[in-house]
Amino acid sequence: MKRIIAVFILVLMAFTAGAESRSEPQIAYRILSDFVFQEESSANDRAWTGVMLGIGGGLMAGSAATWFLGDAVAEAVAPGNSVWNADLKTISTVAVGGVGVAMAGAGLIGVLMPPVDVRKKYNLVYGEKDPVVQEALAVAALKELAQSAKDKRVSSAVYGIVTPIATLAVQTAFNLAMGKEWNHDYSGVVTWQVPSIVSSITSLFTLSDEEKLYEKYNAARAAIYAVP
Amino acid sequence: MDTLLRSVVLGIGMLFGIIRPEAPAVSCRVYRDDAAVFLNAEASRAFPQEALKLLESGNELDLVFLVSVDDRGEWSLPHSLRYDPLTRIYTVGIGETEGVHRTDSREAALSIASRLTGLRLLEVAELEPAGLSVSVSCALESPGTDASVIWNYGRPEARVRFTAASGIPR
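Protein sequence lines correspond, in order, to chains A and B.
Sequential numbering of the first sequence, starting at 1, is according to our numbering.
Sequential numbering of the second sequence, starting at 1001, is according to our numbering.
Source of the hints: derived by calculation from the structure; they are not laboratory data.
Hints are not guaranteed to be accurate.
To give an idea of the chain B side of the interface with chain A (calculated C-beta under 7 Å), a few residues [said to hold, decoys possible]:
1. CYS1028
2. ARG1029
3. ASP1033
4. GLU1042
5. SER1111
Covered stretches of chain A, going by a simulated chain B footprint (3 or more residues, C-beta under 8 Å) [said to hold, decoys possible]:
6. 124-132
7. 137-151
8. 219-228
Idealized CB from N, CA, C, for every residue including glycine.
Let's have the full structure, built from the sequences with the hints guiding it.
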């Protein structure tokens, strides 16, 4: 009996050892996290606020200087000139000061703006505690990102190609209605539209960054599972 | 009765070519470290629309990975899928780890069920000098229903053979 139990335990152990498995690597999660980090960095890059505050402050100082020192400077540069008068002084002060206030205000708004929470968009992924489910959700998020970027790219390219064609059609109709040659003034329109067509055709065949992320994941997946 | 009727309808649909499921496929990769040989496998297109309807109408679906290594017999590793229409939660049970994963994302649940990751096949010391042959096939099962009709009675299979133990990639 003991022998039978021992054999049974050994068989059970052998099966358990055989069925042991490693956890799936979180490839999609890492790719998505890297993307989210980059998006957060660029969305919360506030270097421009310092520039705006600096220029705005400078312009406000210039405005004050114009008001208080404008007469003296104008007299020193061109004694007895008639161009610099009270109206010009007021307009210059208000214009320079106004632009300064607007720029400094924009800079201040930028400083006070709450940081952009890109992660919120991927709450489903980041809120998941089970690493297996988290990885699967990250794959779905990457796929959705790529699909939406592809839709945007293709629709923008189609718009970029269709618009010049429609413009040429309108030009042709206009030419015929006006009794001119059907291709009258075509060169102007074509020259103007060619860059748009070329850029649209190029974007039709160029993957967006988001699509490249999903491609990157697929390459990793192919390496892991030998998916053809 | 309802599931039987559904199976019959699916069968008739396929017989007349009204329902043409994309054939499922399985891919696998065998690799090793210093101690053991592992297997990763993935079933593609394992859950066509008919399978999802079956699942979301309250039936359990089992994607069974059948793994055989040389002539050491066959392991049957079921990945079971259940859907609770009340909570809208998918539950995936992974046979080889005995792990249970829950999610409200259908895509995530299907992706988890379709993969077999890091299955420890054998110890490096157990490798035969002649090499190693591994085959992985898949079957779709559902208790009380003939789910194999969804795959048109097919069973996708992938085989890999290494003529020398040293040929197994790391």
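A quick look at each hint next to the structure:
A hinted interface residue such as CYS1028(B) counts as satisfied when its beta carbon comes closer than 7 Å to some beta carbon of chain A; here the least separation is about 6 Å, so the hint holds. The closest approach between the C-beta of ARG1029(B) and any C-beta of chain A is roughly 4 Å, which is under the 7 Å cut-off, so the hint is satisfied. Checking ASP1033(B) against chain A: minimum C-beta separation of about 10 Å lies over 7 Å; hint violated. Interface restraint check: GLU1042(B) against chain A, minimum CB-CB distance 4 Å, threshold 7 Å, status holds.
Hint status for SER1111(B): holds, given a least beta-carbon distance of 4 Å to chain A, under 7 Å. Taking a C-beta to C-beta cut-off of 8 Å, the stretch 124-132 of chain A contributes 4 residues in contact with chain B, enough for the three needed, and the coverage statement holds. For the stretch 137-151 of chain A, the proposed coverage by chain B is satisfied: 4 residues have a C-beta within less than 8 Å of a C-beta in that chain, meeting the threshold of three. Check result for the stretch 219-228 of chain A against chain B: holds, 7 residues qualifying (beta carbon to beta carbon below 8 Å, three or more required).
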